[in-house]
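Those protein sequences? They're chains A and B, same order as listed. If you count by full-length UniProt numbering, then the first sequence holds residues 1 to 203, one letter each, in order. If you count by full-length UniProt numbering, then the second sequence holds residues 1 to 203, one letter each, in order.
These aren't lab readings, by the way, just hints derived from the structure by calculation. Possibly wrong hints are sitting among the right ones.
Given that identical chains are not distinguished, each listed pair holds provided it fits within a single copy or across any two copies.
[What the hints assert, rightly or not] Straight-line Cα separation of at most 27 angstroms, DSS-like style, residue types lysine-lysine; simulated pairs:
1. Lys4 with Lys120
2. Lys120 with Lys185
3. Lys51 with Lys41
4. Lys139 with Lys4
Number of protein chains: 2
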Amino acid sequence: MRTKSEARRSAILMAAGQVFHDQGFEGASMAQIAMSLGCSKATLYAYFESKEVLFYEVLMTAAGSQMRETFNSIENLSLPIHDALQILGEQIISLLYSEEVMAVRRLLLSAAGRKAGLGKACYEAGPAQFLEATSLLLKHYMDTGKLRQSDSRVAALHLRALLESEWIDLFLFSTMQGFDQAFCKETATRATDAFLAAYSPTQ
Amino acid sequence: MRTKSEARRSAILMAAGQVFHDQGFEGASMAQIAMSLGCSKATLYAYFESKEVLFYEVLMTAAGSQMRETFNSIENLSLPIHDALQILGEQIISLLYSEEVMAVRRLLLSAAGRKAGLGKACYEAGPAQFLEATSLLLKHYMDTGKLRQSDSRVAALHLRALLESEWIDLFLFSTMQGFDQAFCKETATRATDAFLAAYSPTQ
Chain A
1 MRTKSEARRS AILMAAGQVF HDQGFEGASM AQIAMSLGCS KATLYAYFES
51 KEVLFYEVLM TAAGSQMRET FNSIENLSLP IHDALQILGE QIISLLYSEE
101 VMAVRRLLLS AAGRKAGLGK ACYEAGPAQF LEATSLLLKH YMDTGKLRQS
151 DSRVAALHLR ALLESEWIDL FLFSTMQGFD QAFCKETATR ATDAFLAAYS
201 PTQ
Chain B
1 MRTKSEARRS AILMAAGQVF HDQGFEGASM AQIAMSLGCS KATLYAYFES
51 KEVLFYEVLM TAAGSQMRET FNSIENLSLP IHDALQILGE QIISLLYSEE
101 VMAVRRLLLS AAGRKAGLGK ACYEAGPAQF LEATSLLLKH YMDTGKLRQS
151 DSRVAALHLR ALLESEWIDL FLFSTMQGFD QAFCKETATR ATDAFLAAYS
201 PTQ
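Here chain A stands alone, though its shape is the one from the complex:
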């Protein structure tokens, strides 16, 4: 059962999503979002400490439901591990290297140093949950003998790092020119191959 405050939280995320969509991040204000909900700015700030955190959570909520669908389809289809990781990998890259998420990661990085707690709040809203879900999936593969037993949290971090390996500098140095779908597929394949070679059970 969802509590009243969870329902309110979801309502805020939905309304904020609409305002951000209409106005963009720069154009949108906490006042506008509060107005569209018919609540006070104080109420809004009681749920989200800043516009940055709110924007990040809007993005992560959308990404989260997309990711849950991916995790579900992997479970339901009982895909072979290589196919499952390939699909998951392409989704992760597409998410992290979309214009919106890169913009907010950039913003966070310059803002988080100044605002204590902002970075942590966003980490908990995004990467921490994704890490948890990936660790569980990999643990399942370890327990069913498809991967060798090891620390599933480290394995999940290694997997994400391999997936990002050919992209991260494009982001960090702002040299990316549009999202290349074919490159996404190729790099996900190379990362998946390397991960499986590293984590497959020894013969």
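Given the coordinates of chain A, work out where chain B should sit on it, guided by the hints.
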């Protein structure tokens, strides 16, 4: 033989290093650096397009000579591959997650979006050269049968990603609290083990 302009470039880097050391990045100005060299600001800008690029190159020049020493000692000592990659790994993590380099990476990320060419210039000064050196080392291991044959550039990117895997979010979300030497050693070991499992020649 070094050309006159290379010598001038080195002189600028050395003088700038001193000014940045004395005044910090924020406190230092291009005018001061020019004055300490007895040249005009225009000359300075002819070599380095901005204070950010100059600062980055000062850091990378220092890091570069440290890295060259590492690469040399790996070659000279003919260390076993696992030990060599462990040493290299710890150096890379120590470099990328030092306060100075994180500060400039943060700065770049917020500045590079606005200034065309800044990100590319910094990428060429740092990661591109490191990638080149690591690729060559891995290519050597591939050619001597210590690693399986594959694209050495991709392998170098995979290695760096694995090394950074347990650190990158601490940086991106500004949640790191001081550099932990023991954690550096452990994470380098886990990354090296995963990399060797992925890239060792098949039995």
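Here is what the structure says about each hint:
no., hint, result
1, Lys4 with Lys120, "within (25 angstroms within a copy, 49 angstroms between copies)"
2, Lys120 with Lys185, "between (31 angstroms within a copy, 24 angstroms between copies)"
3, Lys51 with Lys41, "within (11 angstroms within a copy, 40 angstroms between copies)"
4, Lys139 with Lys4, "neither (34 angstroms within a copy, 60 angstroms between copies)"
Of the numbered hints stated above, the single one contradicted by the structure is hint 4.
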